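There are 2 protein chains.
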Amino acid sequence: MKKAEDFSEWYNEIVERASLTDKRYPVKGMNVWTPYGWKIMRAIDACIREELDATGHDEVCFPLLIPEDQFAKEKEHIKGFDEEVFWVTHAGLTPLDVKLLLRPTSETAMYPIFSLWVRSHADLPMKTYQIVNTFRYETKQTRAFIRVREIHFFESHTCHVDYEDAERQVRQDYEMLSRLARKWCLPYLLLKRTEWDKFPGAVYTVGIDTVLPHGKTLQLGSIHQYRDNFSKPYDIKYEGNDGEHRHVHQTTFGMSERLIGAIVAIHGDDKGLVLPPDVASIQVVVVPVLAKGATDTVSKSARELTSELESAGIRVHIDERDIRPGAKYYDWELKGVPLRLEIGMKDIEKGVVTLVRRHCTEKTLVDRKGIADAIRGVLEEIAADLLADASAAMNANTVTVDSLEDLPDKLIKTGWCGSEECGHRIEDLSERDMIGTPIADEGYKGMCVVCGKPTTTPVFIAKAM
Amino acid sequence: MKKAEDFSEWYNEIVERASLTDKRYPVKGMNVWTPYGWKIMRAIDACIREELDATGHDEVCFPLLIPEDQFAKEKEHIKGFDEEVFWVTHAGLTPLDVKLLLRPTSETAMYPIFSLWVRSHADLPMKTYQIVNTFRYETKQTRAFIRVREIHFFESHTCHVDYEDAERQVRQDYEMLSRLARKWCLPYLLLKRTEWDKFPGAVYTVGIDTVLPHGKTLQLGSIHQYRDNFSKPYDIKYEGNDGEHRHVHQTTFGMSERLIGAIVAIHGDDKGLVLPPDVASIQVVVVPVLAKGATDTVSKSARELTSELESAGIRVHIDERDIRPGAKYYDWELKGVPLRLEIGMKDIEKGVVTLVRRHCTEKTLVDRKGIADAIRGVLEEIAADLLADASAAMNANTVTVDSLEDLPDKLIKTGWCGSEECGHRIEDLSERDMIGTPIADEGYKGMCVVCGKPTTTPVFIAKAM
Numbered sequence: 001m002k003k004a005e006d007f008s009e010w011y012n013e014i015v016e017r018a019s020l021t022d023k024r025y026p027v028k029g030m031n032v033w034t035p036y037g038w039k040i041m042r043a044i045d046a047c048i049r050e051e052l053d054a055t056g057h058d059e060v061c062f063p064l065l066i067p068e069d070q071f072a073k074e075k076e077h078i079k080g081f082d083e084e085v086f087w088v089t090h091a092g093l094t095p096l097d098v099k100l101l102l103r104p105t106s107e108t109a110m111y112p113i114f115s116l117w118v119r120s121h122a123d124l125p126m127k128t129y130q131i132v133n134t135f136r137y138e139t140k141q142t143r144a145f146i147r148v149r150e151i152h153f154f155e156s157h158t159c160h161v162d163y164e165d166a167e168r169q170v171r172q173d174y175e176m177l178s179r180l181a182r183k184w185c186l187p188y189l190l191l192k193r194t195e196w197d198k199f200p201g202a203v204y205t206v207g208i209d210t211v212l213p214h215g216k217t218l219q220l221g222s223i224h225q226y227r228d229n230f231s232k233p234y235d236i237k238y239e240g241n242d243g244e245h246r247h248v249h250q251t252t253f254g255m256s257e258r259l260i261g262a263i264v265a266i267h268g269d270d271k272g273l274v275l276p277p278d279v280a281s282i283q284v285v286v287v288p289v290l291a292k293g294a295t296d297t298v299s300k301s302a303r304e305l306t307s308e309l310e311s312a313g314i315r316v317h318i319d320e321r322d323i324r325p326g327a328k329y330y331d332w333e334l335k336g337v338p339l340r341l342e343i344g345m346k347d348i349e350k351g352v353v354t355l356v357r358r359h360c361t362e363k364t365l366v367d368r369k370g371i372a373d374a375i376r377g378v379l380e381e382i383a384a385d386l387l388a389d390a391s392a393a394m395n396a397n398t399v400t401v402d403s404l405e406d407l408p409d410k411l412i413k414t415g416w417c418g419s420e421e422c423g424h425r426i427e428d429l430s431e432r433d434m435i436g437t438p439i440a441d442e443g444y445k446g447m448c449v450v451c452g453k454p455t456t457t458p459v460f461i462a463k464a465m
Numbered sequence: 001m002k003k004a005e006d007f008s009e010w011y012n013e014i015v016e017r018a019s020l021t022d023k024r025y026p027v028k029g030m031n032v033w034t035p036y037g038w039k040i041m042r043a044i045d046a047c048i049r050e051e052l053d054a055t056g057h058d059e060v061c062f063p064l065l066i067p068e069d070q071f072a073k074e075k076e077h078i079k080g081f082d083e084e085v086f087w088v089t090h091a092g093l094t095p096l097d098v099k100l101l102l103r104p105t106s107e108t109a110m111y112p113i114f115s116l117w118v119r120s121h122a123d124l125p126m127k128t129y130q131i132v133n134t135f136r137y138e139t140k141q142t143r144a145f146i147r148v149r150e151i152h153f154f155e156s157h158t159c160h161v162d163y164e165d166a167e168r169q170v171r172q173d174y175e176m177l178s179r180l181a182r183k184w185c186l187p188y189l190l191l192k193r194t195e196w197d198k199f200p201g202a203v204y205t206v207g208i209d210t211v212l213p214h215g216k217t218l219q220l221g222s223i224h225q226y227r228d229n230f231s232k233p234y235d236i237k238y239e240g241n242d243g244e245h246r247h248v249h250q251t252t253f254g255m256s257e258r259l260i261g262a263i264v265a266i267h268g269d270d271k272g273l274v275l276p277p278d279v280a281s282i283q284v285v286v287v288p289v290l291a292k293g294a295t296d297t298v299s300k301s302a303r304e305l306t307s308e309l310e311s312a313g314i315r316v317h318i319d320e321r322d323i324r325p326g327a328k329y330y331d332w333e334l335k336g337v338p339l340r341l342e343i344g345m346k347d348i349e350k351g352v353v354t355l356v357r358r359h360c361t362e363k364t365l366v367d368r369k370g371i372a373d374a375i376r377g378v379l380e381e382i383a384a385d386l387l388a389d390a391s392a393a394m395n396a397n398t399v400t401v402d403s404l405e406d407l408p409d410k411l412i413k414t415g416w417c418g419s420e421e422c423g424h425r426i427e428d429l430s431e432r433d434m435i436g437t438p439i440a441d442e443g444y445k446g447m448c449v450v451c452g453k454p455t456t457t458p459v460f461i462a463k464a465m
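Listed in order, the protein sequences are those of chains A and B. According to this note's numbering, the first sequence is numbered sequentially starting from 1. According to this note's numbering, the second sequence is numbered sequentially starting from 1.
No lab work stands behind these hints: they were computed from the structure. From a predicted model like this one, the values you see are computed outputs, not experimental measurements. Keep in mind that the hints are not guaranteed to be accurate.
Just so you know, same-sequence chains aren't split out, so a pair can sit in one copy or run between any two.
Unchecked claim - Cross-link-like lysine to any residue pairs, in silico, SDA-like; alpha carbons within 20 Å at most:
| hint | residue 1 | residue 2 |
| --- | --- | --- |
| 1 | Lys99 | Thr89 |
| 2 | Lys463 | Asp409 |
| 3 | Lys39 | Val132 |
| 4 | Lys28 | Leu96 |
| 5 | Lys39 | Ile131 |
| 6 | Lys346 | Asp296 |
| 7 | Lys292 | Glu320 |
| 8 | Lys127 | Ser281 |
| 9 | Lys300 | Ile348 |
| 10 | Lys28 | Gln70 |
| 11 | Lys39 | Thr55 |
| 12 | Lys28 | Asp97 |
Excised from the complex, chain A in its bound form:
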């Protein structure tokens, strides 16, 4: 299956052929994390933990099951999730007095406890996160990593003295995201969702969206400003310096296993996955190219090379299977290992190693001496290349229009006056979703594509995955 011909089929096939997931589990939308897929997810989680720990967030873990009465406290929130939660109604043979639901997200599990944890201004800001499984009863067609019913994700939840401090947190989230996305080589847009599309209970929602090769957008996560919409029903208050009790202001930030979906979709090619070095469980594979009579020398040299890279902190694997080198190349290309080192008798004699980059199959020679530093540099170059290529592709997949006729299968930018009426009309006419407006002023000048009013607000519309 060719990526350019049928992206969707290519994606479904590649995640299985590369052993990222097993979709044969007998519950729809609940897939098995294979050893390889789970290693990549854990590498992503490690990036997230590093970033959240460094910015003063404490990792916690709240119960999975939420009692119905706690869930119902914030009215908008329950309306938003009513039809997509799984309900536990029985324990053993006994019906439960209070039904329990599997968390679709943890506001309603955490906030009753936050109201006990937050006492005074000295407790604030209180910044927590957890990395857990979450559940949504998706009725649309499921797709590995992208639309599943058991979702691996992280969610950070913060409490602040006031709206302004919560806003500072949102800006810190943007900075964290920028560093993380660079590691994952993923370009993205930060788009403020429309009023009718924001998270149930939020004052505003900023979606983190990327564009896939076939022009549809994929939401990777979101950042929400809650103000005191949750702290009031859940009674999360602090005593200020002045002895007054006030409700905290809250934010959340979350991203899911969709990150793997985006990495596969954006970087992969017809030969298989292409993994960013920070995410790859194997960053470098060493393939000894054995020749008759020199087997021992080459093996020894390849092993020394491997352990030298290992000591330098590079995630390296040596492939000593008794099969042709070509078959090995095929396997590791499918698995997306960013860099392959070939070492044969000729290389040894010349004091070099042959490097093959996965994403462009460029072949270069590097000196055997001081190779660890060289490899580290190459891995950084690869990451920069992947991000540059992906950013260029996203730009190429974005067009600005001033009419909604004959729209291409791309991310569309156009003018919008900001009224809900014109917004819905744009969605109807374009047969697309309005995914939001950029968070920063871009100096845009145009006209609402429906009513013709001058506007400084562009809006993005797209077919969303």
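Since the structure of chain A is provided, determine the placement of chain B on it from the hints.
Relative to the frame of chain A, chain B by itself:
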């Protein structure tokens, strides 16, 4: 509350006072992992991952929800769990066609997929594990870490060509356990459960039990030999060298958050927790003892000390809060930090640092020069002391008897002929559970405490937590 006076109350109080858990979540037996408790659990998980990865196990992650029909395939297994699982019956407002249960353990989630993963003898042994949350509807009184309804645990699942290879795995599990328990400073017994107490579906079950200070036993985990009891109903077969298809033989090994319960219960004292260095998220706390006029010198010196230890890979924290040193000592003793370093003007002048061990409050001086190596040595000594103390306590809490009258509140060892009839009689007469027989031949010679027949098999009976 004094540990010696009311162990049970002391335990309940200490886990909350030390902020290991929050029991105020509104579902019984489902507690919140606080930042401090979760750090300790993650340190334990890290030990487990290191051990399992090093012995060739692949980490995976299977779905939480198991369809009723898959669960029912092994008849003994479902009988054993029927009354203690949580059932998901609805998704949104829709009743599910096939009910789903929350995994109490993952045999029935994994084995339908194992039957797809295992093809030939070249795939064997297949060794996997996962670290996940699991659910049991406990009807007995709940207790933090020890008896909860959402349980954090690891489970390894292995497939082998035959019974003998599965037996080799069981022996490897014993070795892994021995290394792990040394890190956690936990003494334990390996006891083969009676036929009527083994895991539903197992050929035999070896319980991993420890003895708590009040003489009750706590099961930390278990190791099971399944032979082909599961591979037959789940059809897990491989093609041998000879072209024949055979069912695999399977084992499992698992331990839960009870490990934290045991660490708290066994090592803690009236001042709080006492954490083994390998488990402590803070291994060393540095407390600057400031004197008038020398504040800057002491602070500077304390910070240098801290960063030197940090660079040496020691998990160190400097407490620079503006409160009395005594108040700091109190806090860190409650939190169980294994080693405290005090540094004041006098220490600096003498070129020393004052060391205070948490478990014995012994005070010693060490040279400031080369301190990182010295501290590493002291942490190892502390771990050895903790294990030695705990082992001595377990021995003191174990008695061998030849009559079941006036039994003390301890772990009891006595003779048993091996018959089920005498077994049940021993349980009735002693008002205790028979927790099993030692896995190794101890050269025991005695008589069945009921029928008087000579026997070489001792049996352990106890009140189990």
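Practice prompt. Please write out, lowest number first, the hints stated earlier that are contradicted by the structure.
Written response: none
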